[in-house]
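Number of protein chains: 2
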Amino acid sequence: MAYELFYWPGIQGRGEFIRLALEEAGADYVDVARSSGKGRGMPAMMKALKSEPLAPFAPPFLRDGDLVLWQVANILMYLGPKLGLAPKQEPLRYVANALQSTITDLVAEVHDTHHPLATTLYYEDQKDAAKTRAADFLRHRLPKFAGYFERTLKQNPAGDKHVVGDSLTYVDLSLFQCIEGLHYAFPRAMKGFEAAYPALGALRKRVRTRPRIAAYLKSERRIPFNESGIFRHYPELDQDAG
Amino acid sequence: MAYELFYWPGIQGRGEFIRLALEEAGADYVDVARSSGKGRGMPAMMKALKSEPLAPFAPPFLRDGDLVLWQVANILMYLGPKLGLAPKQEPLRYVANALQSTITDLVAEVHDTHHPLATTLYYEDQKDAAKTRAADFLRHRLPKFAGYFERTLKQNPAGDKHVVGDSLTYVDLSLFQCIEGLHYAFPRAMKGFEAAYPALGALRKRVRTRPRIAAYLKSERRIPFNESGIFRHYPELDQDAG
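Note that the protein sequences, when read in sequence, are chains C and A. If you number the first sequence the way the numbering used here does, the last residue is 242 and the count never jumps. If you number the second sequence the way the numbering used here does, the last residue is 242 and the count never jumps.
There may be inaccurate statements among the hints.
Identical copies carry no separate label here, and so any pair may be met within one copy or between two of them.
[To be verified] Under the rule of at most 30 Å between Cα atoms (straight-line distance), these lysine-lysine pairs were calculated in the DSBU-like manner:
(1) 50 x 191
(2) 131 x 144
(3) 47 x 88
(4) 144 x 127
(5) 47 x 144
(6) 88 x 50
(7) 154 x 50
(8) 38 x 218
(9) 131 x 38
(10) 131 x 161
(11) 50 x 205
(12) 47 x 161
(13) 154 x 47
(14) 161 x 205
(15) 50 x 161
(16) 218 x 191
Hints listed in this document are in silico derivations from the structure and should not be mistaken for laboratory results.
Start from the sequences and build out the full structure, keeping to the hints where you can.
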């Protein structure tokens, strides 16, 4: 049976990390809220959000038969081995999950650059706070995350083509997505990124040219980045790398 | 060999979720940065943070032999089955991890009530922003999280004593810790909490009176809540529940 992915239609958002894994694996899946027909579309997602006895806390969530799982890193830890996108050795799967959870933190911090005060307020109503938070992110947090992943990639005992283990995992795909998103959101700050972090730059290229990923990125299934998602381009929040 | 837990000494912080699981299980562990002697203390933690080839991104992290793991939910997913604090059924372990990751989000939001703009700035330098964020948290986010966990607990097919499965798991311990911390940080807002969320209130009492947890809470190993941790009591951020 096809995996059912539930996520807000219209944005890449956190759902994109799951999509990339499903696409790379050529898995049979339905992007429920973006599909139509019986048991499809937004009404189906809103209904699934109220599942009993157990409901997911928030999208994205995945339904695999009777099992409903949420939280990106958790979904990927579950899917990874089934899709051939997890390390073969059991202990390394927890390392992969630690890395993916660190990406989750990075994504949350990117989100908070445009919504530092409240998700219930418009961006326009927290723009000054967003400028402070975005400047701190670009100056302190982004170099910390990027430096960490660059180092981890370069020091991988199995080679610097993959961040963990000796084959492509969902963590590589998620790193690709973050770099793409950061380039979209902060083109000025990201200008020298590939020079400063060459191993990450090479990983980005490798992932982008994988046949299934390349085909996906050209397809209509890939939603363009936009200002409703996580990675938003607000020029006033961008600045040259310090 | 004893588990080695690495976390900042002086605060409960995110390390406390791991400590509670180790304490409840009566596990053999060393709280490295708070211990002295060879391979102990803060220098040992700073050294472990620079492990090669693989370093943890940030404390808390756990060393079990050769394996170094970080991120609270990930550490608990790894430790849970070993400590007898995870659901017995494999699929439910991913549900436990989804719930624990949701707690991770809650904890991050609590942290951001006092540091909405930047962790590199003092609280005093972002107090106005903190007031806005804290008010939004207490009005919108806390009821969303609490309502969700109350419902999940009440609807657990195996009974409302545990949030997942039919026995105590690390998720129950972490929920206890959150409720304790929220009462410390926001006594006014939390005044009616037990009446509004009776299943969570009962869980809090049950966990607190478990023999090993009760002994731990009375011991010197339990660091008191304080204004350097995640749950901080700043009266100006607290307000009556709306």
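Check the structure against each numbered hint from earlier and tell me which ones fail, lowest number first. Checked against the structure, the hints that fail are numbers 9, 10, while the rest are satisfied.
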